[in-house]
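Chemist: Sequence:
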Amino acid sequence: MSDTMIAIGGCHVAGYKVGEENSFVNVIAKATGFILSHRAPQYQIKKTTGIREKINSCHPDVVILQLGNHEFNASLEQILKKKNTDTENQNEYPLPDKKDFSKKPLLLPVVSEKKAAFLLRNLATPFIWGYLVYKNFKHLKNIRHIIKENPGTRFVILSPIPCLNSSDNYIRRKAARCFQWIFDGLPNVKFIDLFRYIAVDKRYFEDPAHLNTTGHKILGRIISQYIKAYKKDSQQPLAIAV
Numbered sequence: 001m002s003d004t005m006i007a008i009g010g011c012h013v014a015g016y017k018v019g020e021e022n023s024f025v026n027v028i029a030k031a032t033g034f035i036l037s038h039r040a041p042q043y044q045i046k047k048t049t050g051i052r053e054k055i056n057s058c059h060p061d062v063v064i065l066q067l068g069n070h071e072f073n074a075s076l077e078q079i080l081k082k083k084n085t086d087t088e089n090q091n092e093y094p095l096p097d098k099k100d101f102s103k104k105p106l107l108l109p110v111v112s113e114k115k116a117a118f119l120l121r122n123l124a125t126p127f128i129w130g131y132l133v134y135k136n137f138k139h140l141k142n143i144r145h146i147i148k149e150n151p152g153t154r155f156v157i158l159s160p161i162p163c164l165n166s167s168d169n170y171i172r173r174k175a176a177r178c179f180q181w182i183f184d185g186l187p188n189v190k191f192i193d194l195f196r197y198i199a200v201d202k203r204y205f206e207d208p209a210h211l212n213t214t215g216h217k218i219l220g221r222i223i224s225q226y227i228k229a230y231k232k233d234s235q236q237p238l239a240i241a242v
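Quick note on numbering: the sequence shown equals residues 1 to 242 in our numbering.
What the hints contain is simulated information worked out from the structure, not anything from laboratory work.
One or more of the hints may lead you astray.
Below, a list of computed lysine to any residue pairs in the SDA-like style, where the Cα atoms sit at most 25 Å apart [as the list claims (entries may be wrong)]:
| no. | residue 1 | residue 2 |
| --- | --- | --- |
| 1 | Lys46 | Thr125 |
| 2 | Lys174 | Ile146 |
| 3 | Lys174 | Pro41 |
| 4 | Lys202 | His70 |
| 5 | Lys135 | Ala124 |
| 6 | Lys47 | Lys228 |
| 7 | Lys190 | Lys17 |
| 8 | Lys231 | Ile55 |
| 9 | Lys17 | Asn212 |
| 10 | Lys138 | Ala199 |
| 11 | Lys47 | Lys141 |
| 12 | Lys135 | Tyr170 |
| 13 | Lys138 | Pro151 |
| 14 | Lys190 | Lys202 |
| 15 | Lys46 | Cys11 |
| 16 | Lys190 | Lys232 |
| 17 | Lys47 | Thr4 |
Here are the simulated distance ranges between beta carbons [unchecked claim]:
| no. | residue 1 | residue 2 | range |
| --- | --- | --- | --- |
| 18 | Thr49 | Leu164 | 18 to 26 Å |
| 19 | Ala31 | Pro126 | 35 to 43 Å |
| 20 | Gln42 | Leu186 | 38 to 46 Å |
| 21 | Lys232 | Lys135 | 15 to 23 Å |
| 22 | Lys232 | Gln180 | 19 to 27 Å |
| 23 | Pro208 | Ala229 | 31 to 39 Å |
| 24 | Ala199 | Ser2 | 20 to 28 Å |
Every residue, glycine too, gets a C-beta built ideally from N, C-alpha and C.
Throw the hints in and build the complete structure from the sequences for me.
Modeler: Here is the structure:
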């Protein structure tokens, strides 16, 4: 009987930007010989009921959960977005008339907009992390319960996938430690911190948030190694949570 697996997770499961045929899920299937019986992208950590239902209905040998990238990011786009002014190119700090150049202007900005955004981003990121871990903690605990419901299934938990945004990576590194802490102590779990394997380098990314074909190959090979090792050392069914 052939080994089967299902893949549940974010857009990387569907191979966004590179196509399904080049996704890390397909790399795993080719490297291990497992048959991909179901693929469910655009899943979030909070959809634990759907995750449980798919595991229970498909009864696969391997379950891949690629979660955390959507939830753990430090986007300040809405905070930093400037409101449109009534007049385009309006000068908020008007220069004095030429005849007054000898006088010191009183309304010059102290900090440039670029520096202000940098300071705000770096000061706000730790607070954003606190909010995100509070928001997602109970859902991660629910996933832990799903793992405990399947003691005969092996889980490999991967951290959120790195990206090219330093603030997002700050959040995701902390999320990796949170994942490790939450799933620690479960005998059927192996945790993998992807920041140890995927370099934050443009060579591996299609854009700042998504892996390219090379990045998918690296991710797929990492997971495949653990699947092969578990399959060799144990006759029990396998499940992978990414």
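Chemist: Does each hint hold? Answer for all of them.
Modeler: Going through the hints against the structure:
no.	hint	in the structure
1	Lys46 / Thr125	holds (22 Å)
2	Lys174 / Ile146	holds (23 Å)
3	Lys174 / Pro41	holds (24 Å)
4	Lys202 / His70	holds (20 Å)
5	Lys135 / Ala124	holds (17 Å)
6	Lys47 / Lys228	violated (29 Å)
7	Lys190 / Lys17	violated (29 Å)
8	Lys231 / Ile55	holds (19 Å)
9	Lys17 / Asn212	holds (7 Å)
10	Lys138 / Ala199	violated (30 Å)
11	Lys47 / Lys141	holds (12 Å)
12	Lys135 / Tyr170	holds (17 Å)
13	Lys138 / Pro151	holds (21 Å)
14	Lys190 / Lys202	violated (28 Å)
15	Lys46 / Cys11	holds (16 Å)
16	Lys190 / Lys232	holds (15 Å)
17	Lys47 / Thr4	holds (22 Å)
18	Thr49 / Leu164: 18 to 26 Å	violated (33 Å)
19	Ala31 / Pro126: 35 to 43 Å	holds (39 Å)
20	Gln42 / Leu186: 38 to 46 Å	violated (27 Å)
21	Lys232 / Lys135: 15 to 23 Å	violated (39 Å)
22	Lys232 / Gln180: 19 to 27 Å	holds (24 Å)
23	Pro208 / Ala229: 31 to 39 Å	holds (33 Å)
24	Ala199 / Ser2: 20 to 28 Å	violated (35 Å)
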